[in-house]
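Those protein sequences? They're chains W and V, same order as listed. The numbering used here numbers the first residue of the first sequence as 1 and each following residue consecutively. The numbering used here numbers the first residue of the second sequence as 1 and each following residue consecutively.
These aren't lab readings, by the way, just hints derived from the structure by calculation. Values in this document were obtained by computation on a predicted structure and should not be read as measured data. A portion of the hints provided could be inaccurate.
Mimicking DSS-like on lysine-lysine, the simulated pairs with C-alpha atoms at most 25 Å apart in a straight line are [as the list claims (entries may be wrong)]:
#1 W:K50 with W:K76
#2 V:K2 with W:K172
#3 V:K13 with W:K172
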Amino acid sequence: MSVDADTAPGDIAATVATLFRRDSRKVLATLIRLLGDFDVAEEAMQDAFKAAVEQWPRDGVPANPVPWLVSAGRFKAIDGIRRRARFDAIDGAGDVATAVEAIPDGAARWDEGEEIADDPLRLIFTCCHPSLSGDAQVALTLREISGLTTEEIARAFLAPPATLAQRIVRAKAKIRAARIPYKVPDAGELGERLASVLRVIYLVFNEGYSASAGSSLTRADLSAEAIRLGRLVVELLPEREAMGLLALMLLQESRRAARTGPDGGLVTLEAQDRARWNRAQIEEGLAWVERALAPDLPASRGRATATTPRAGSPAARFGPYALQAAIAAVHASAESAGETDWTEIVGLYDVLVRLQPTPVVALNRAVAVAMRDGPAAGLPLIETLLADGQLQDYHLAHAARADICRRLGRHADARASYERALVLVRQEPERAFLAARLRDLPC
Amino acid sequence: MKYLCLVYLKDAKLHAVPDRECLAASERLRAEGRVVAAEALHPVHTATTLRVRDGTLTMTDGPFAETKEQLAGFYLFDAADLDEAVSLASRIPPVRSGSIEIRPVRDLDPTA
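With the rest of the complex left out, here is chain W:
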């Protein structure tokens, strides 16, 4: 089992650091299942890596480091529990029998195989359990699955670190107290529960995507982290919507460099320099869109768990993420803004509007119709939506109306809508963009 027993401690430290970056979450996920508690598992995981740094220079790096680390972490945790139980017993307080009973059965099979392979999935589904608030799901996911510190998460979401820390503590307390089960949902609930996970990932992506002027590195890292999480989920659960989300994120991310002008200003999709789009991300995104929309999903790679849903299952056909990704794919495939296949885009929106009949989707469809058929065709659709009342406080609705009126030469109407949009807009680059458009209107 040991290799190279004479490796220098410095090399070991580097190996352990690499393993930590790559596998610490995997080890944590399994330890949470074995020890039944997030905090106990976190401590055990840290202890395991410390033990590796201490013992591997002497014994060599094990051929299978992950099971070694899990075993070491589990041992340290049980040892700790036993010692605390004894301490409590001496104090006259605490029930030693209860504490010892709480120690996981030594016969629990935690070695490589189906059980351990499912642990990262268990962790993701638990962090995104619908009984936790959306904020808590995001914070917990970034803390436990991405391994970000509470300070990093707080900074990324512009929240006070104390608030973030409290949110995570509360979430773990709820998992413990309410006994949120550590498991992969049954086939019947998988679709819905996966939607919860994807929502969290997309939220993280959007936090990173909508960077303010002079975007900090942290924001771009968030989008990269969201994509990484998206990949992880697709790898563990090759479901269409997971693929759709990954595709959508890659395609949106591919435009990051082109979205900001040299002065830090916002550049619309129409005006972007497509040479600055990331081709590798586009290619990968397009490939995932194809797979997400493919008539038959290939069989899940090797893992035949009872929870792997069948490709033809009801939740399997076109979902909202796959459709949004398809729309993004049409844009990505156009060499220039003028070559955009708006007919295809409207067709995709027609389907999306049925799946997600929200005012925002209807608005986006109206904008696409305006692009396909001319501004005069899109205006009545947008005005109907605004009259309905639901988009009154949505700055993009007014911005869309303003833009269409501008194209139609209806400058007074455009002015009114730009002004309304400016009252509602929150992000500086968007505000500056709208203000400039307003300024440029002929009097």
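Given chain W, work out where chain V should sit, using these hints.
Relative to the frame of chain W, chain V by itself:
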């Protein structure tokens, strides 16, 4: 005739009475044969509220928040985990017209 007696406490007063005193009182009342059920509850942030509207079940974190809703009844379930509790609670018919708050029960600590 049965009476349901609900205990309300401010956050700061949740542990004003030590658990062991509550346990002792509970034991005395049970000994008198009057207690049908009695439990301490985990605090409100561990609650999950269920609603079914148009056939869709929504779960929200925290207690029921509609000030216009009043306590109408109760079930005390024995379930393996929260998912099972949700599954059981979703079968209570008023889940379709009101809210069902699921609060985990807390064991009193005789040493506290």
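Pair hint outcome, K50 (chain W) versus K76 (chain W) [Cα-Cα no greater than 25 Å]: holds (11 Å)
25 Å Cα cutoff - pair K13 (chain V), K172 (chain W): holds (23 Å)
Hint consistency between K2 (chain V) and K172 (chain W) [alpha-carbon to alpha-carbon, up to 25 Å]: violated (37 Å)
Taken one by one, the earlier hints fail for this structure only at number 2.
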